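Could you build the full structure based on these sequences and the hints that come with them?
Going line by line, the protein sequences match chains U and G.
The opening position of the first sequence corresponds to residue 1 in our numbering, with each subsequent residue numbered one higher.
The opening position of the second sequence corresponds to residue 298 in our numbering, with each subsequent residue numbered one higher.
Quick caveat, the hints were computed from the structure, so don't treat them as lab data.
Accuracy of the hints is not assured; some may be wrong.
To be verified - Facing chain G, according to a computed beta carbon distance under 7 Å, are these residues of chain U, among others:
hint, residue
1, 49
2, 78
3, 80
4, 105
5, 106
6, 107
7, 112
8, 116
9, 136
10, 251
11, 252
12, 254
13, 274
14, 275
15, 277
This one's a predicted model, so the numbers in the text were calculated from it and none came from an experiment.
Note that CB positions come from ideal geometry on N, CA and C, so glycine has one too.
Protein chains: 2
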Amino acid sequence: MFSGLSAFPITPVNAAGIDENAFLRLLKRLTRAKVDSLGVLGSTGSYAWFTREQRRRITELAVAHAEGIPVMVSIGAFSTDEVLRLAEDAQQAGASALLLPALAYQGLTQEEVYGLYHDVAHAVSRPICVYDNPRTTHTQFSDALYARIATLPNIASFKIPGVPEPLPAAQQRIAALREQLPAHIRLGISGDQFAATALQAGCDLWYSVCAGLFPYAAKALYEAVKGESSQSAAAQTQRLEPLWALFRKHNGSLRVMAAAAHLLGDTDAVCLPRPLRMLTDADTAEVQRVITELGLT
Amino acid sequence: MFSGLSAFPITPVNAAGIDENAFLRLLKRLTRAKVDSLGVLGSTGSYAWFTREQRRRITELAVAHAEGIPVMVSIGAFSTDEVLRLAEDAQQAGASALLLPALAYQGLTQEEVYGLYHDVAHAVSRPICVYDNPRTTHTQFSDALYARIATLPNIASFKIPGVPEPLPAAQQRIAALREQLPAHIRLGISGDQFAATALQAGCDLWYSVCAGLFPYAAKALYEAVKGESSQSAAAQTQRLEPLWALFRKHNGSLRVMAAAAHLLGDTDAVCLPRPLRMLTDADTAEVQRVITELGLT
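And the structure:
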C-alpha cells in the first residue's frame, strides 16, 4: 500500500447525490493505468461533505472495482467518536488502510491531536496514514508530535504537505524527519508540484491528486524520478507547471480536477457538492486549454 | 429573539454520550436568570462534534426546558445538503431561530458562501442569524457579502466576531455596517470582551458565552451599558478581564467554560467531546481562582 504512486480521485455528485457511474468511470482510468494504490475520499474526494452512509457506500464501490489495487479511505471527522465509527465502516467495507486527518474546529492542542491518534490507533486493525495538511484541517504538527504519533500501533505512513525547495533543502528536511521516526514509517508527499523534488529527496511514495484523473502523466513523472534522471524529473514537473498554476489560482486542486473530469466526459457539468461551485465558464475554458496543451485529454 | 442577552451554554458529555442531566442543570441557570434567548449548539455548544441525531435531541431538550424563552440552534455543517437536513430537524424540534455558519474545508469563495445562504434562506421557515467567526469556520465575509446576504429572505441577524476599539472606532464600524444593511437586520456582538464597547456602539444584542454559565454577571454588564453609564460598563468589562484573559490563553472560551461548569458542580470532570481535552489540573486551579475572585461561584 505505501509505495509508488497513490492516486486520489474526486467523488463526483449529481442532482441525486453521489454519481456512482461517474465515480466508476474515474476508477476505471486508475485501474487501467495500474496505479499502486487508490486514495478514496481524501480531501480531493470531498470526504468532508458526505454523510457516514455515503462514505460507506463509496468505500464499498471503490473496493469492489479496484481490481486488486489496495484502497485507502479517509476517516476524518471533528469528533473522535465519529472517526471510530468511520474506521469501523471502512474496515468492514474492505479498506486496506485508513487516512486520518486531525480536523480542527476550535484549534487543537498538540496533546489533543496526539490523543486522537492514540485513541484511533488502539482501536483499528488496518494501517493508518497520518494526514498532515494545515490548509484544510487547520492543525499544525510539530516534529516532536510526529515522533510521538509514530510510536503508536498501526501508524504506517505520514502524508506530508510539501518540502522546501531546492533539492538540497528538501533532502535535509527528509533526513531530519527520518532521524526522528521509526524505520518502518513511510513518508508520502502530497502537493503535486513538490512531488519530483520530494521523491528525489527520499520520500517513499506520492499521494497524488493529478494521478486521480491523469494517471499516465503522473506515472511519467514518477518514473522519471525513479529512473534517477533528476533532469528528466525536473522537466516533467516543469511541463506540468500550467496545471500547478491552476491549482494555486483556484485555492487548491479540487475545483480544477472537477472541471477537468467534466471536460473529459466522466461527470455531469455540476459534480461538486454544495456549497462548492464549479469554475466559471471562463476559468473552465482555461482548464480546457491547459489540459489540451499538456496532452491530458 | 434578536434583542437583549442571548446565552450560549456548553453541551456537556459524559462517558455515555450527551450528559442530558448536566445540560438541564445548565439550562436551569439560564431560565432562572431570565436571559432573553438561548443559543444552543453554538460553537461553545460543540455543535461540530455531534451527530445529526444528537443535535436533534439537544434541540428538543432545550425547547422543552426553555420555559418560554426562544431557542436558537446552529445548523452548521460543511455540506449544504446536511445544513438543510439540520434546519428541518431544528424547525420540527421547535427552534425559534437558526444560526448558520459558513463552515469551510477547502476555503470557500464569496460566491460559494452567498450560495449557501441563498439555498438555505429559501428553504427554511424560521429567521436565520448569519454566524461570522473566521477563527472557527475559516470563512471571511466582506462587507459587500454581508449586504448581499442581508437581502435574502429570512435573514434576521448577523453575529459579528468583534469590533475595533476604542469606542469611536467601534461606533464608526457599526455605523458603516448599518449603512449597508436593511433596517430590519439585528447586529449581535460575539466575543464577550468586546460586548460593552459593541453595545455602546449600537449593536442590538449580545450573543454571550459567559452568559451561558454566569448569566447574572453578563446581565450586570448588559444593564450597565443599557443604563447608559459608559463608565459603569467599562468597569464591568474591566472587572471580568481575568476571565477574558483565560479565554485568550486557552484558544477560545470552550475549554474554560467546560472547566468552570465542572467546578460549579454541573458536569462530570470530563465533559468535552474527544479529541478535545479538559484543562490540566494547574489550569483548572487557575479557573477556580478566577471565578472565586470574581464572585462567579
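Outcome of the hint check:
no.: 1; hint: 49; verdict: 4 Å, holds
no.: 2; hint: 78; verdict: 5 Å, holds
no.: 3; hint: 80; verdict: 4 Å, holds
no.: 4; hint: 105; verdict: 4 Å, holds
no.: 5; hint: 106; verdict: 5 Å, holds
no.: 6; hint: 107; verdict: 5 Å, holds
no.: 7; hint: 112; verdict: 5 Å, holds
no.: 8; hint: 116; verdict: 4 Å, holds
no.: 9; hint: 136; verdict: 6 Å, holds
no.: 10; hint: 251; verdict: 5 Å, holds
no.: 11; hint: 252; verdict: 5 Å, holds
no.: 12; hint: 254; verdict: 6 Å, holds
no.: 13; hint: 274; verdict: 4 Å, holds
no.: 14; hint: 275; verdict: 4 Å, holds
no.: 15; hint: 277; verdict: 5 Å, holds
This entry satisfies every hint, going by the numbered hints stated previously.
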